[in-house]
Amino acid sequence: MAPLIEAHDLTKKYGAQVALDRANLSVEAGRIVGLIGPNGAGKTTALRAILGLTSYEGRLSVLGRDPFRERTALMQDACFIADVAVLPSWLRVDQAIDFVAAVHPRFRRDRATGFLAKTQITGNRRMRELSKGMKTQVHLALTMAIDAKLFVLDEPTLGLDILARRTFYDALVNDYMDETRTILITTHQVEEVENLLTDLIFIDKGRIVLDTSLEDVATRFVTVAVASDRLEAGRAQKPFYERHILGKSELYFENADREKLAAFGELHTPSVADLFVAKLSGSAA
Amino acid sequence: MNTNLWLIRREFWENRAIWIIPAVFGALLILTALFGHMNLPTLISPDEIHTFGAAFLVVFGLMFYSVMSLYATWYLLDCLYADRKDRSILFWKSLPVSDTNTVLSKLIVALIVIPVVSFVTADLTALLAAFIVSIRMRASIGAALWQPDLWLQMQVLWIYAVFAAAIWYLPVAGWLMLVSAWAKRAVILWSFMPPLALYIVERWFLGSNVVGRVIGIRLTGLPAVALNPSGGKSWHVDAATDTLSLPSSVLHFINPLGFLSNPQTLIGAAVGVVLIIGAIQLRMRRSEI
Chain A
1 MAPLIEAHDL TKKYGAQVAL DRANLSVEAG RIVGLIGPNG AGKTTALRAI LGLTSYEGRL
61 SVLGRDPFRE RTALMQDACF IADVAVLPSW LRVDQAIDFV AAVHPRFRRD RATGFLAKTQ
121 ITGNRRMREL SKGMKTQVHL ALTMAIDAKL FVLDEPTLGL DILARRTFYD ALVNDYMDET
181 RTILITTHQV EEVENLLTDL IFIDKGRIVL DTSLEDVATR FVTVAVASDR LEAGRAQKPF
241 YERHILGKSE LYFENADREK LAAFGELHTP SVADLFVAKL SGSAA
Chain B
1 MNTNLWLIRR EFWENRAIWI IPAVFGALLI LTALFGHMNL PTLISPDEIH TFGAAFLVVF
61 GLMFYSVMSL YATWYLLDCL YADRKDRSIL FWKSLPVSDT NTVLSKLIVA LIVIPVVSFV
121 TADLTALLAA FIVSIRMRAS IGAALWQPDL WLQMQVLWIY AVFAAAIWYL PVAGWLMLVS
181 AWAKRAVILW SFMPPLALYI VERWFLGSNV VGRVIGIRLT GLPAVALNPS GGKSWHVDAA
241 TDTLSLPSSV LHFINPLGFL SNPQTLIGAA VGVVLIIGAI QLRMRRSEI
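These protein sequence lines map, in sequence, to chains A and B.
Counting from 1, one number per residue, gives the positions in the first sequence under the numbering used here.
Counting from 1, one number per residue, gives the positions in the second sequence under the numbering used here.
Calculated from the structure, these hints are not laboratory results.
It cannot be assumed that every hint is accurate.
Claimed, not checked - DSBU-like mimics (lysine-lysine), calculated; alpha carbons at most 35 Å apart, straight line: (1) B/Lys85 x A/Lys260; (2) A/Lys205 x A/Lys260; (3) B/Lys184 x A/Lys132; (4) A/Lys13 x A/Lys260; (5) A/Lys238 x B/Lys85; (6) B/Lys85 x A/Lys205; (7) A/Lys238 x A/Lys260; (8) B/Lys85 x A/Lys118; (9) A/Lys248 x A/Lys260; (10) A/Lys205 x A/Lys248; (11) B/Lys184 x A/Lys248; (12) A/Lys132 x A/Lys149; (13) A/Lys13 x A/Lys132; (14) A/Lys205 x A/Lys238; (15) A/Lys248 x A/Lys238; (16) A/Lys205 x A/Lys149; (17) A/Lys118 x A/Lys149; (18) A/Lys132 x A/Lys248; (19) B/Lys184 x A/Lys205; (20) A/Lys118 x A/Lys132; (21) A/Lys13 x A/Lys118; (22) B/Lys184 x A/Lys238; (23) B/Lys85 x B/Lys184.
Unchecked claim - Output of the computed footprint for chain B on chain A, the stretches with three or more beta carbons under 8 Å from beta carbons of chain B: (24) 53 to 64; (25) 99 to 111; (26) 252 to 259.
No residue lacks a Cβ here, since even glycine has one placed at the ideal position from N, Cα and C.
Please take these sequences and the hints and turn them into a complete structure.
Right, here's the structure in full:
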């Protein structure tokens, strides 16, 4: 089966500034992919290109379509939450449901109203009267009621408190995700989505630094803590990143010989957050 | 089609001024009709009665239309800018609605829906005001305000005015939408600074005034092109006798064929179409500011 999203040499320039620099990535159906990068790395530009919100150079196919030329058709099968602030302040909840129901062939009104019935939100409220957390719930209700193949979330929990963030992700996983859906999510709060993701894409300075599944991370990457007297020996094994804490050095290896490394100490699979820091610092060095 | 109707409905949700402004304006006029000081001459001749009845309706239509034209200008400048400013464009663009549909629905609201709302509210207000004024001033004006043929003729005039103005002001609307889709801030400044700069540059360096004339004709020249100055009896104010005469029928007054075959109409419409295509292209490429 062809990948759901396939980008080849995807490039976007804003004047002299290069936001995406020949980025290559592919996303398979049924995955939950985290697009992770520091601020200004090109995450949002990549999402904008995927959603047809910006023109670009290079090849990009989303659900078999050219997103910029065919945004209208694409949006029947893909939906997105840019961030919670974007629901217009003058819009009433019931108007939002009416409008989406009228223009979206795959919107199921009963699902949206059913989701909202579980909250405190009533149809006559305007978005400007709702708290950020409530707005997120409305947006999620609208979006999850769409039978879409691809769901894109750009920093969906920005500015939300911990309770609202937890509610958001629980709803996403419990009420929405199944094997027919694909979710692409960007965030810089890696810890929050770590347990959710099946795939990782790291992006830095407009380039894709890593594109892998989480299963592969465990076989591909390994860290080992090395005492300072054995640091030079550890370095000989060519770690791509080292981190010094409490008199020990944590060395990060990619595709390394685990038997040799085991001699230095216990081997660990790095967390997504640690791997992110290691990969980005490593590539910058 | 269904999508387009919902897009127009959406504009009413967002821009409640479309009906609040004429409602408030109408209420003020009704209050004036109820409590305002009135001193009307006694109408005697059929000509006077006819003229008074027609002038009454024309004044109502023009008042509402003028107020709402100002609002429509603001609406056009704001319509592709406001949602970029508050970032809600990202919500609208997450729906399967094309940018062409979005831009055209806003254009239709400005050029058709707002004028129709103006004339409908003008008619309703005129009806109520005619009722009040006829009772208050029945001694002097009698049934001058109840001439069915005039009411009917005015509706023809209003429909023609909506249609002619929509075509004539297409380039103006196109320009305002282009600015609205393009500007990152200060839409009002951007709407008149480039034409003003062109005008000044032309005056200084060439000494001519083509830009100024073209803009001036576009903004004020609609009546001259759309109405018939020679057909039948036209508008006429006689200062000596302080009388206003009107054509005997509005049908002699409107000039649709002349309007549609006027090169200024056609060139303007073509420029308008180009500007609107430009606005759609910008809308496709720009998201939030």
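Each hint, compared with the structure:
1. Simply put, B/Lys85 and A/Lys260 have alpha-carbon atoms about 57 Å apart, too far for the 35 Å limit, and the pair is violated.
2. With a C-alpha separation of about 34 Å, the suggested pair A/Lys205 and A/Lys260 falls inside the 35 Å cut-off, and the hint holds.
3. Proposed proximity of B/Lys184 and A/Lys132 is supported: the alpha carbons are some 26 Å apart, at most 35 Å.
4. About 45 Å separates the Cα atoms of A/Lys13 and A/Lys260, which puts this hinted pair outside 35 Å; it is violated.
5. Distance check on the hinted pair: A/Lys238 and B/Lys85 sit about 50 Å apart at the alpha-carbon level, beyond 35 Å; violated.
6. For the proposed pair B/Lys85 and A/Lys205, the alpha carbon gap of about 27 Å is at most 35 Å, so the pair holds.
7. About 12 Å separates the Cα atoms of A/Lys238 and A/Lys260, which keeps this hinted pair within 35 Å; it holds.
8. Taking the CA atoms of B/Lys85 and A/Lys118, the gap is near 32 Å; set against the 35 Å cutoff, the hint holds.
9. Taken as a hint, the A/Lys248 and A/Lys260 pair is honoured in the structure, with Cα atoms around 19 Å apart against an allowance of 35 Å.
10. Only pairs whose Cα atoms come within 35 Å are accepted, and A/Lys205 paired with A/Lys248 is accepted, the gap being roughly 31 Å.
11. Pair hint B/Lys184 plus A/Lys248 does not hold up; C-alpha atoms about 52 Å apart against a cutoff of 35 Å.
12. For the hint linking A/Lys132 to A/Lys149, the alpha-carbon distance of about 27 Å falls within 35 Å, and the restraint holds.
13. Proximity of A/Lys13 to A/Lys132 is assessed by CA-CA distance (about 33 Å); at most 35 Å being required, the pair is judged to hold.
14. Distance check on the hinted pair: A/Lys205 and A/Lys238 sit about 24 Å apart at the alpha-carbon level, within 35 Å; holds.
15. As the CA atoms of A/Lys248 and A/Lys238 are separated by approximately 17 Å, the hinted pair is consistent with the 35 Å bound.
16. Taken as a hint, the A/Lys205 and A/Lys149 pair is honoured in the structure, with Cα atoms around 29 Å apart against an allowance of 35 Å.
17. For the hint pairing A/Lys118 with A/Lys149, the CA-to-CA distance comes to about 25 Å; that is within 35 Å, so the pair holds.
18. Of the pairs offered as hints, the one joining A/Lys132 and A/Lys248 is violated, with about 43 Å between alpha carbons and a cut-off of 35 Å exceeded.
19. As the CA atoms of B/Lys184 and A/Lys205 are separated by approximately 26 Å, the hinted pair is consistent with the 35 Å bound.
20. Restraint check: the Cα-Cα separation between A/Lys118 and A/Lys132 comes to about 17 Å, which is no more than 35 Å; the hinted pair holds.
21. In summary, the hint linking A/Lys13 to A/Lys118 is not supported, as the alpha carbons are separated by about 44 Å, beyond the 35 Å threshold.
22. For the given pair, B/Lys184 sits about 50 Å from A/Lys238 by alpha-carbon distance, which is inconsistent with the 35 Å threshold.
23. Between the alpha carbons of B/Lys85 and B/Lys184 the distance comes to roughly 8 Å, so the proposed pair stays at or under 35 Å and holds.
24. With 3 residues having a Cβ less than 8 Å from any Cβ of chain B, the stretch 53 to 64 of chain A passes the three-residue criterion, so the hint holds.
25. Counting residues of the stretch 99 to 111 of chain A whose beta carbon lies closer than 8 Å to any beta carbon of chain B gives 6, which reaches the threshold of three, so the coverage claim holds.
26. Counting residues of the stretch 252 to 259 of chain A whose beta carbon lies closer than 8 Å to any beta carbon of chain B gives 0, which falls below the threshold of three, so the coverage claim is violated.
Of the numbered hints listed earlier, those contradicted by the structure are 1, 4, 5, 11, 18, 21, 22, 26.
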